[in-house]
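Got chain A sorted already, so can you dock chain B onto it with the hints?
The listed protein sequences correspond, in order, to chains A and B. The first sequence stops at residue 284 when you use the numbering used here, and every number in between is there. The second sequence stops at residue 542 when you use the numbering used here, and every number in between is there.
Keep in mind the hints are simulated off the structure, nothing from the lab. Backbone N, C-alpha and C define an ideal beta-carbon position, used for all residues, glycine too. Wrong hints could be hidden among the right ones.
[Claimed, not checked] If you want the footprint, here are the derived chain B segments under chain A, 3+ residues with CB under 8 Å: (1) 431–440; (2) 443–451.
[Claimed, not checked] A few chain B residues that don't get close to chain A, going by computed Cβ distances all over 12 Å: (3) A336; (4) Y382; (5) R457; (6) P508; (7) L516.
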Amino acid sequence: MDMYTCDSMPSSRSEGSARSKLLSLAGMSKSYSPTVCALNGLDLSIEPGEFITVVGPSGCGKSTLFNIVAGLEEPDAGSEIRFLNKPVNKASELLGQVSFMPQRDLLLPWRTVIDNAILAIELEGKRRADARRIALDMLPEFGLAGFENQYPNQLSGGMRQRVALMRTFLFGRDLMLLDEPFGALDALTRTMMQRWLLDVWQKHRRTIMFITHDVEEALFLGDRVLVMTARPGRIKLELPVTLDRPREPDIVTSPEFIRLKRELLIAIEEESRKSFAPTPSAGH
Amino acid sequence: MNVARDLLKHLCEALLRGALTVLTMAVVWELVVRVGGVPSYYLPSLVDVLAAVTVAPGAYVDSALRTIAETVLGFAGGAVFGVLIGVAFFQWKALRDYLFPMFVISQTIPVIAFGAVVVLWFGNTLWAKAVIAFYMTFFPVTVNTLQGLNAVDPRQVALLRSFGANAWQLLTRLRLPAALPQIFVALKLGATLSLLGAIAGEWFGDSVGVGVLLLHAMYNEQIPALWAAIFLAGAIGTLLYAVMSYIETRFVFWRDEL
Chain A
1 MDMYTCDSMP SSRSEGSARS KLLSLAGMSK SYSPTVCALN GLDLSIEPGE FITVVGPSGC
61 GKSTLFNIVA GLEEPDAGSE IRFLNKPVNK ASELLGQVSF MPQRDLLLPW RTVIDNAILA
121 IELEGKRRAD ARRIALDMLP EFGLAGFENQ YPNQLSGGMR QRVALMRTFL FGRDLMLLDE
181 PFGALDALTR TMMQRWLLDV WQKHRRTIMF ITHDVEEALF LGDRVLVMTA RPGRIKLELP
241 VTLDRPREPD IVTSPEFIRL KRELLIAIEE ESRKSFAPTP SAGH
Chain B
285 MNVARDLLKH LCEALLRGAL TVLTMAVVWE LVVRVGGVPS YYLPSLVDVL AAVTVAPGAY
345 VDSALRTIAE TVLGFAGGAV FGVLIGVAFF QWKALRDYLF PMFVISQTIP VIAFGAVVVL
405 WFGNTLWAKA VIAFYMTFFP VTVNTLQGLN AVDPRQVALL RSFGANAWQL LTRLRLPAAL
465 PQIFVALKLG ATLSLLGAIA GEWFGDSVGV GVLLLHAMYN EQIPALWAAI FLAGAIGTLL
525 YAVMSYIETR FVFWRDEL
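Looking at chain A on its own, in the form it has when it is part of the complex (with noise of 0.2 Å):
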C-alpha cells in the first residue's frame, strides 16, 4: 500500500479573483489511515458554466477527489469547501447539491429506461408521472427516443451510459461530476459520445468536472485540464484549452492541439514515473 503521509502541505491558493466560484475547494487533505494518505494539500475552484477535466495517473486520488465533491466521503479536518460562494462545514451537507456520475452506470436492472433517468428527481420527491413526463420530451436529445420501455440489459454500452447521462442530467444540479464516464466504451462510440456531450453541455450551459485517463479527451472536451499528481494528490498544471468552441473533431489534428498534448503528456508521464518508483520518496 502507499506509505505517503499527509504532513499538511502548504495551500498555494492565490486569493485574488474576485469572481464568483461555482465551487472551491482549498488545501483539501484526505488521508485513510496515518500511513495512506489519497489528497494532500488540493487547491481547486470552477466558475459557473465551465467545463473542467481532471487527468492523472492511476491512483492518484481523483476518484476520492470526486467522491468528496459528492458528499460522500468526509475530508481531513482543516480542508476548506465552499459551495456556492458559501462555506460547506462537513462534505455530507453536499448529498444531493450536485448531480454525480461513477464509473459505471449502476443502471437499476429493474426499472425501464425512463425509470432509470427519473431516478434522481423521483428521490428528490418528485411525483413519478411528472418525472416521466419531463424525461420523455429529453429522450431524443440522448438518443433514446422509442427506448423508454425497454430494460437496461436490452441496451448497448452506449445506450446505458447515455441513460445514465440524462439521470445526471434530469437531477438538474449546477455542478456535474462525471467520473470517466465513456471509459468502458469502444473508441468509435467513444469519439461519438464526446460530441454529443459537448453539443448538450453547450446547450443546457452546466458546470461539469470531469475525469478521464485520455489525455485527447481531455482537451476535447475541456475549457481547463488539471493535472494530478501521484499520491498524495494534488494540483500539478492547470493548463487552460486554447482552442476555440464549437471543436470539430479534426482539431486533434491542429498544432495547437497537439501542443497541449505534448505539455500534458510530459507532465503525466513524470506523475507517472513517480508512482512507479521502488520507494516512497515525495519530495518531503
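Showing chain B alone in chain A's frame:
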C-alpha cells in the same frame, strides 16, 4: 385477466413437460409390479392406487383443500414475518446481535418437538398447523433477506446517497428490489417446508388433511391409499413450488443481469 392467463399458460407448459416424465415412470412402475411380480404390500399397482381415490374422492379433495389452506396461511405469515425481521435485523445491528442467536437456536429444535405444545395452545384447529408451517418458513426467509440486503453493490448505494436518498428510499428503491432474487430462493424452499410443517402438524391430531390420510392408511395397512396420499402430498408440493416459481419469473425478470 392477463396475469391469470399467463399463470395458466405457465402451469400448462410445466404440466405438459412433467406429464411425459410421469407417464414414463408410471409405465415402468406398472411393468415392475405386474411383470416382476412385486407383492402389493411393497408396491401396489397404480390401478389400485387410483381405485383407492375413486372409492372416496371427497375425502381426498377435502384433505387437499385443508392442507393447502394450512400451508398457504403459515407460509404467507412466515414469508411476511421473515422479510420484516430480515429488514429489522439489517437496519438495527443491535437487534440482530441479540435476537439472531435465538432464531438459530429455535431452528435447531426439530419441529416435531414443538407439535404437542402447539396443539395445546391452539387446539385441533387449522391455526395449529399454520403455526408449524410458519415456523418452518420464516427462518430461511429471514436469513436470505438479510443476506440479500447486505449483498447490494455499495457503489449503487453511494450513487443513491449522492442523489440525497434517505434510509427509507435506499431500502425501498434499491435494497429490497436487489434482494428479491435471494428472497425468492428462500420462498421456494419455504413453500416446500411449510407443506412438511402442515402435514407434521396434522399428525398431532385432526380428522381431515393429507397428514391424516397418510396416518390412517398406515395404521390400517391400506397400502394403495397410503400411496394415494403420498402422491397427493407430492402434487400439492409441486403446485406450491410452481406457483412460487411463476411469481419469481414475473418479479425477478431481470435476474440474469446479476
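Hints and how they fare:
1. 431–440: holds (count 3)
2. 443–451: holds (count 7)
3. A336: Fine: 48 Å to the nearest Cβ keeps B:A336 off the interface.
4. Y382: 30 Å, holds
5. R457: Not fine: 7 Å to the nearest Cβ puts B:R457 too close to chain A.
6. P508: 49 Å, holds
7. L516: 37 Å, holds
Checked against the numbered hints listed earlier, the structure breaks hint 5 alone; every other hint is satisfied.
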